[in-house]
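Asks: Going down the list, the protein sequences come from chains S and C. Last residue of the first sequence: 272 (numbering that gives the first Met the number 0), numbering continuous. Last residue of the second sequence: 302 (numbering that gives the first Met the number 0), numbering continuous.
Honestly, the hints are just simulated from the structure, not real lab data. One or more of the hints may lead you astray.
Here are the simulated DSSO-like cross-link-like pairs (lysine-lysine), alpha carbons at most 30 Å apart as the crow flies [claimed, not checked]:
{"no.": "1", "chain 1": "S", "residue 1": "K265", "chain 2": "C", "residue 2": "K64"}
{"no.": "2", "chain 1": "S", "residue 1": "K102", "chain 2": "S", "residue 2": "K65"}
{"no.": "3", "chain 1": "C", "residue 1": "K90", "chain 2": "C", "residue 2": "K111"}
{"no.": "4", "chain 1": "S", "residue 1": "K138", "chain 2": "S", "residue 2": "K16"}
{"no.": "5", "chain 1": "S", "residue 1": "K84", "chain 2": "C", "residue 2": "K64"}
{"no.": "6", "chain 1": "C", "residue 1": "K32", "chain 2": "S", "residue 2": "K265"}
Treat the numbers as computed from the prediction; the structure is a model and nothing was measured.
These are the residues of each chain, in order.
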Amino acid sequence: MDLQRDHNHPTIVTIEKVIDETPTVRTLIFSDEIMSEALPGQFAMVWIPGINELPMSIMISKEPGKAAFTVRKHGPASTGLFNMKVGEQIGIRGPYGNSFDLKEGKLLLVGGGTGLVPMMRLLTFVKPRDDVTVLIGAKTKDEVFFEDLAKSLLEEHHRHHVIVSTDDGSYGEKGFVTDMVEKLLSETKFDGVYTCGPEIMMYKIVQSANSRRLFVQASLERMMKCGVGICGSCCVGTDLVCRDGTVFDGLHLSKNKEFGFFHRNKAGILEHY
Amino acid sequence: MELSLATSIGQIHLDRPVMLASGILGISLDVFKRLYLSGAGAVVTKSLSTEPWEGYPNPTIFSVKGGGWINAIGLSNPGAPNFAKIIEPNKDVPIIVSMVGSIPQDFETMIKQFEHCQVTAYELNLSCPHVAKVGLEVGDDPELVKKIVSTVKNSTHIPVIAKVGLGTSNYLDTVGAAIDSGIDAITAINTVRAMAIDAETQRPILSNRYGGLSGTPIKPIALRCVYEISSKYDVPIIGCGGISTWEDAIEFFLAGASAIQLGSAIGDNWISVFHEINKGILQYMKRKNYSNIKEMIGLAKRS
Chain S
0 MDLQRDHNHP TIVTIEKVID ETPTVRTLIF SDEIMSEALP GQFAMVWIPG INELPMSIMI
60 SKEPGKAAFT VRKHGPASTG LFNMKVGEQI GIRGPYGNSF DLKEGKLLLV GGGTGLVPMM
120 RLLTFVKPRD DVTVLIGAKT KDEVFFEDLA KSLLEEHHRH HVIVSTDDGS YGEKGFVTDM
180 VEKLLSETKF DGVYTCGPEI MMYKIVQSAN SRRLFVQASL ERMMKCGVGI CGSCCVGTDL
240 VCRDGTVFDG LHLSKNKEFG FFHRNKAGIL EHY
Chain C
0 MELSLATSIG QIHLDRPVML ASGILGISLD VFKRLYLSGA GAVVTKSLST EPWEGYPNPT
60 IFSVKGGGWI NAIGLSNPGA PNFAKIIEPN KDVPIIVSMV GSIPQDFETM IKQFEHCQVT
120 AYELNLSCPH VAKVGLEVGD DPELVKKIVS TVKNSTHIPV IAKVGLGTSN YLDTVGAAID
180 SGIDAITAIN TVRAMAIDAE TQRPILSNRY GGLSGTPIKP IALRCVYEIS SKYDVPIIGC
240 GGISTWEDAI EFFLAGASAI QLGSAIGDNW ISVFHEINKG ILQYMKRKNY SNIKEMIGLA
300 KRS
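Using the sequences plus the hints, can you model the full thing?
Replies: See below:
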C-alpha cells in the first residue's frame with residue numbers, strides 16, 4: 000500500500016485489537032511488518048491524531064506481521080492512546096534506538112510496569128538453552144501483568160523462573176523488586192542482567208550488578224520530540240536516549256551524573272526524580 | 000603547504016567553519032562539548048527567551064517524504080537565567096547564544112544574564128517562522144529590527160549576529176536595517192514556513208499546524224539568499240539551510256559565506272557529519288590549492 004515509506008514520517012496504522020492488562024494498562028495491536036521486527040529496546044514515536052505524539056517501546060504480538068503498544072494511562076497523551084478503540088488510526092515513526100546485547104547462560108530480566116515491554120521482546124530472542132529468570136515488579140496485585148505471557152514465551156526452556164514481587168505483598172513475593180534483585184544476585188552468578196522500568200529502580204539494579212561486576216544493561220526513558228537526535232529533549236549528560244540508547248551499559252551509566260537523579264522537563268530544565 | 004580550516008566571521012574567529020545551528024541539541028553543556036570534540040567549530044544554543052518556554056505539544060518534528068524535515072518545536076528553552084547557569088562552567092567550547100524577543104528590552108535583559116559566561120557571539124533570532132510575536136514577526140519589521148540591533152549593540156562588546164529568514168517583507172531590507180544599526184554578521188537563512196497534512200487521517204500533522212521546513216529541499220534557496228546578501232552588502236555571512244555535505248559547504252563559501260551552520264543533517268547522518276564535512280573541505284582545498292577558507296569566499300560572484 001505504502002510504496003515510499005519514510006521511517007521518520009508517520010505511517011498510519013489501524014488498531015485491530017485492544018487487550019485490558021490491568022485497570023490502567025492496555026495493549027493495542029496493529030499490523031506492521033517493520034515494527035513487528037523491531038529489536039528489544041527499540042521504540043516508535045506514536046502519533047495520536049489531534050492529541051499528541053509519544054515515544055513508546057514496541058510491544059510484541061503473538062501473530063506474525065503484527066506489533067503493539069502497551070500503555071499506562073497517566074497524562075493527557077498516554078490517556079489519549081489508552082482510550083483508542085478498535086478501528087481507530089494512529090501514526091508511527093521508527094523503529095528508533097539501539098537494543099540489548101544478548102548474553103548466553105544465566106540471564107535475569109527485571110521489568111517494572113510498562114518497562115516489561117522490552118523485556119517481553121527480549122524473551123523472544125533468548126536461546127532455549129538459556130536459564131532465564133524474569134522478575135516482574137509491581138506496587139500491588141491489580142497492577143501485575145505479563146506474568147502469563149512471560150511463562151508462555153519461556154515454555155521451551157527447561158530452566159526458567161517467572162517471579163512476581165509486589166510492594167504490599169498482595170501477590171507473589173512481598174517487597175521491593177530491587178531488594179529481590181539484590182537477593183538473587185547474592186545467591187546466583189548471572190551472565191547478563193537486563194532492566195527497564197522506573198529510573199530509581201533501574202539505578203539500584205545497575206548499582207547491585209555493577210558492584211558484583213556483572214554485565215548489566217538498562218533501557219532508559221525520557222521526554223522526546225524528534226526521536227532522531229535533533230531536538231535534544233532526551234539528553235542525559237552527554238548521551239541522547241533516542242540515538243545513543245535507549246539501552247546503555249551499566250558501567251557507562253555509573254559514570255553519568257544525571258542517571259537515577261535528574262530528568263528534563265518540556266523547557267529542558269533539569270528536575271529531580 | 001599548511002592547510003587551515005580556521006575562519007573569521009568579522010571579529011568572530013573559529014578554528015573550524017562548521018557550526019551547530021540554533022534549535023538543535025542545544026540544552027546541555029555536556030552535549031556541546033561532545034559536538035565540539037566531534038568537529039563543530041562552534042555551537043549555537045537554542046533560542047533563549049527571558050522566561051522558560053515549554054514549546055508546542057508533539058508532534059513537533061518529523062521528516063517530509065522525499066527529503067527534508069518540518070518542525071514546530073515552538074522555541075522550547077529553559078529561559079536565559081537557567082541557561083546562563085548551564086554554560087557558566089564552559090571554558091573550551093565556542094558558544095554562540097541565540098535569543099528571541101519581541102522588544103529591545105527582552106534582548107538587553109538576557110545579555111546582562113550572560114555577563115559571567117564565556118560567550119563567543121550573540122545571535123538574534125529574527126526569523127523563527129512558527130511562534131507569534133517573535134522571530135519572523137520581528138524580522139519582517141525593519142524599523143523594529145533597527146531598534147533591537149541598536150539596543151543590543153549598546154549592551155555588549157561581544158559580536159552580534161542577526162539570523163534572517165523568508166517572511167512577508169523583503170529579507171534584504173531586514174539585513175539592511177541590521178547593518179545600518181551596526182550588526183557584526185548575518186546568518187541566512189532560517190527554516191521556511193511550511194506545513195504537512197496527513198491524507199489518511201485528513202489532519203495537519205504538526206500540533207501547531209504550521210512549522211518550518213529545513214534540510215536539503217531548502218539548500219538552493221539558502222544558497223541564493225547568501226549570494227544575494229553578499230552581492231548587495233559588505234557584511235560577514237554565515238550560511239545555513241540544508242547543508243549536509245562538504246560540497247554543500249563549499250558552495251556556500253563560494254556564494255559568499257565565511258562559515259556555515261547545520262542541523263537537519265544530524266537527523267540524517269548523526270554527529271559524525273561535522274568530521275565528514277571538515278575532512279571533505281580539507282580535501283577540496285588540497286585539490287584546488289587553497290591554504291585557507293578565506294581564499295574561497297565569494298568566488299562564485301566573479302563575472
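Asks: A separate judgement is required for each hint: does it hold in the structure or not?
Replies: Now for the hints, and whether the structure bears them out:
Restraint check for S:K265 and C:K64: satisfied, since their Cα atoms lie roughly 27 Å apart, inside the 30 Å limit. The hinted pair formed by S:K102 and S:K65 meets the criterion: a straight-line CA distance of about 26 Å does not exceed 30 Å. For the given pair, C:K90 sits about 19 Å from C:K111 by alpha-carbon distance, which is consistent with the 30 Å threshold. The straight-line distance between the Cα atoms of S:K138 and S:K16 is roughly 27 Å, inside the 30 Å bound, and the hint therefore holds.
Restraint check for S:K84 and C:K64: satisfied, since their Cα atoms lie roughly 28 Å apart, inside the 30 Å limit. Proposed proximity of C:K32 and S:K265 is supported: the alpha carbons are some 22 Å apart, at most 30 Å.
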